[in-house]
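Asks: Top to bottom, those sequences are chains A and B.
The numbers in the working numbering rise by one with no breaks, and the one at position 16 of the first sequence is 16.
The numbers in the working numbering rise by one with no breaks, and the one at position 404 of the second sequence is 404.
No lab work stands behind these hints: they were computed from the structure.
Glycine included, every Cβ here is placed at the ideal spot set by N, Cα and C.
It is possible that part of the hints are untrue.
Using 35 Å as the maximum straight-line C-alpha spacing, the simulated DSBU-like pairs for lysine-lysine come out as follows [claimed, not checked]: (1) B:LYS5 <-> A:LYS141; (2) A:LYS141 <-> B:LYS350; (3) B:LYS58 <-> B:LYS350; (4) B:LYS388 <-> B:LYS302.
Here are the computed distance ranges between Cβ atoms for each label pair [claimed, not checked]: (5) A:THR30 <-> B:ASN326: 28 to 38 Å; (6) A:ARG64 <-> B:GLY419: 32 to 42 Å; (7) A:HIS117 <-> B:GLY419: 46 to 56 Å; (8) B:GLU299 <-> A:ARG122: 34 to 44 Å.
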Amino acid sequence: MSLAQLVDLRKVYRMGADVEVVALRSINLTIDEGQYLAIMGPSGSGKSTILNLVGCLDRPSGGRYILGGQDVSGLSDGELSEVRGRRIGFVFQSFNLIPQLTALDNIEVPLFYQRMHRRERRRRAQELAERVGLGPRARHKPAELSGGEQQRVAIARALANDPLIILADEPTGNLDSRTGQEILAIFDDLSSRGRTLIIVTHDESVGRRTHSIVRVADGVVVGHEKN
Amino acid sequence: MLSLKTTETLRLGVESLLLHPARSILTMLGILFGVCAVIATLSVVEGISRKMQEEVLKMGATNIIVQAVRPAESQSTTAGSGSGGAAIMYGLTYEDAERIQSSVAGADVIVPARRIRTTARYFTRRTRVEILGTVPWYADTYRIEVERGRWLTPLDLHKTDNVCVLGAAVARDLMPRMEPVGQTLWLGEYAYRVVGVLGARGMSGASGGLGGKTEDFDRVIYVPLTAASRRFGEVLVDRAAGMNSFEVCELHEITVKVAEAEQVRPAARIITHLLEKFHDTARPDWAVRVPLERLEALERTKWLFVVLGASIAAISLLVGGIGIMNIMLASVTERTREIGIRRAMGAKRKDIVQQFLVETVVLSTLGGAVGVPVGAGLATLIPWGLTKAAATLGVGGEAALAGLAQTVVTPGAVILALGTSVFVGVASGVYPAYRASMMDPIRALRHE
């Protein structure tokens, strides 16, 4: 069953009065439930734009995006926030943890905006910290954690609201190869448990671990490989 | 659900303020000083105004006081007392009192009085006093309270008895540590029996106006008007001047009490007309004083000061608000990344607005909450400092300063100050919070 559908999706950025930059020409892509997908392409190919649109951080200039049976391409800013909070989990290259909060507090952030009760939030955050193997480090602030540990916190945070899709943007880009492998092992594990994952990367070795690779160039999908 | 979220947002705000304690405190100071100024000014103004109101009320809000005024020029009508110096004849007469009595409708009580300055003596003790010859109903008109013994009676008036009631200070000076009632003291060359002693009333700063003549209610000896007229006569000798001068004055004061405050003005007009008719208008020897009008003038003056204080406070609060806004704008820029993260995690624009607004409101409310007691403390220090300064400089007008001695922090002032600080918090936080909420999440996430 398709979880997300991108139909003739376009994105044009307006730079100034009459300069337009076409980021995405026409993207057609179907993401099935439980799929483990890599989006690959050179920088400037539009892969980050796809990620932003799939993650509901941005609205398309044209076409349709259907997520979990709902057309989200025309939603308001507030409605998009709601969708992000409930259905999307983000993992970033630079971790993007809030520096003044502890690891547990960071994991709680998405739950906070879903109005979950404090005690319940704490319980869930602890459970997630255990699952990503954070252990006693969960009470530390990001600055006191290693890169790998920080990315584990980010993954736990992405899982917090039990999202439909987890989007990872170069999740190993800021990590040494050994730590990168550990993080990817967590993704593999999540996939084997039925999670839907999309990883944007230009690292072939990362791409090969997934079920399939979508290759993007100049704002269009140029290839679809099954691993 | 909402309240749960509000408390959480509040906690978030406080935590983030605690991350930069020095910055938060410095930001808070602006509001603190503003609120301090509001509270200090309002309580000092309120204190002065209450004190003055008290003074005016002592004179009675429904009273009209007609006083004899000694004309400025000395070569007035000479009367036949002629033993050397010129005698001045001026002032109010018993006829005036009768005319007022019969002409002013609704005039409840007419109280004629004579004032004579002299020395009172009790064995070896002496003190300067003012003898007030008056009628028994003076006590009701001026709300006089007898502490020990009794007040003057109609019988005293009728019999022209040499009895007197002492003001608190007179009793203290002449007969310390003993019961004055029943004692006999000397007023000039006449012996008077003390029948009563009054409670302390204090100075009247308002009766003479600020900087004007003040009246000390406690240094007065009250005697029956009839006794005063007979024993001291209508001729008064003033030996203070180089040559002996005499003045002739039947009544120094007539107090007219009306039933209602609305009757005060019309009655005062009639009295003025009446006196203009029978006295020399070229050289008026009388004056009409209306305490009620002073009360109203006082109210206007009070508002003037309140507005003045409010303007100073407003400027201070404005500066404080700009300070908060400035810091918040910097903070928003500094936390761009955090805003991006929160937005990606499902925070709506209004969540972001709330988050930053809470911080500014907490800051300013805290500033206000600290500012109120500090302002109240300052308010008590101001009069203390002023009295000190006046004492060291040797400046007089203690009565005027006495009004400063009490400062009153009213609940209204506290509510106003706190309300204003919350308002400043919201007003100064709205723009930075709006800026934060309008950030594009994608750009915010990439912000370095």
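Asks: If a hint holds in the structure, say so; if it doesn't, say that too.
Replies: Verification of the supplied hints:
| no. | hint | result |
| --- | --- | --- |
| 1 | B:LYS5 <-> A:LYS141 | 24 Å, holds |
| 2 | A:LYS141 <-> B:LYS350 | 27 Å, holds |
| 3 | B:LYS58 <-> B:LYS350 | 59 Å, violated |
| 4 | B:LYS388 <-> B:LYS302 | 24 Å, holds |
| 5 | A:THR30 <-> B:ASN326: 28 to 38 Å | 51 Å, violated |
| 6 | A:ARG64 <-> B:GLY419: 32 to 42 Å | 51 Å, violated |
| 7 | A:HIS117 <-> B:GLY419: 46 to 56 Å | 33 Å, violated |
| 8 | B:GLU299 <-> A:ARG122: 34 to 44 Å | 59 Å, violated |
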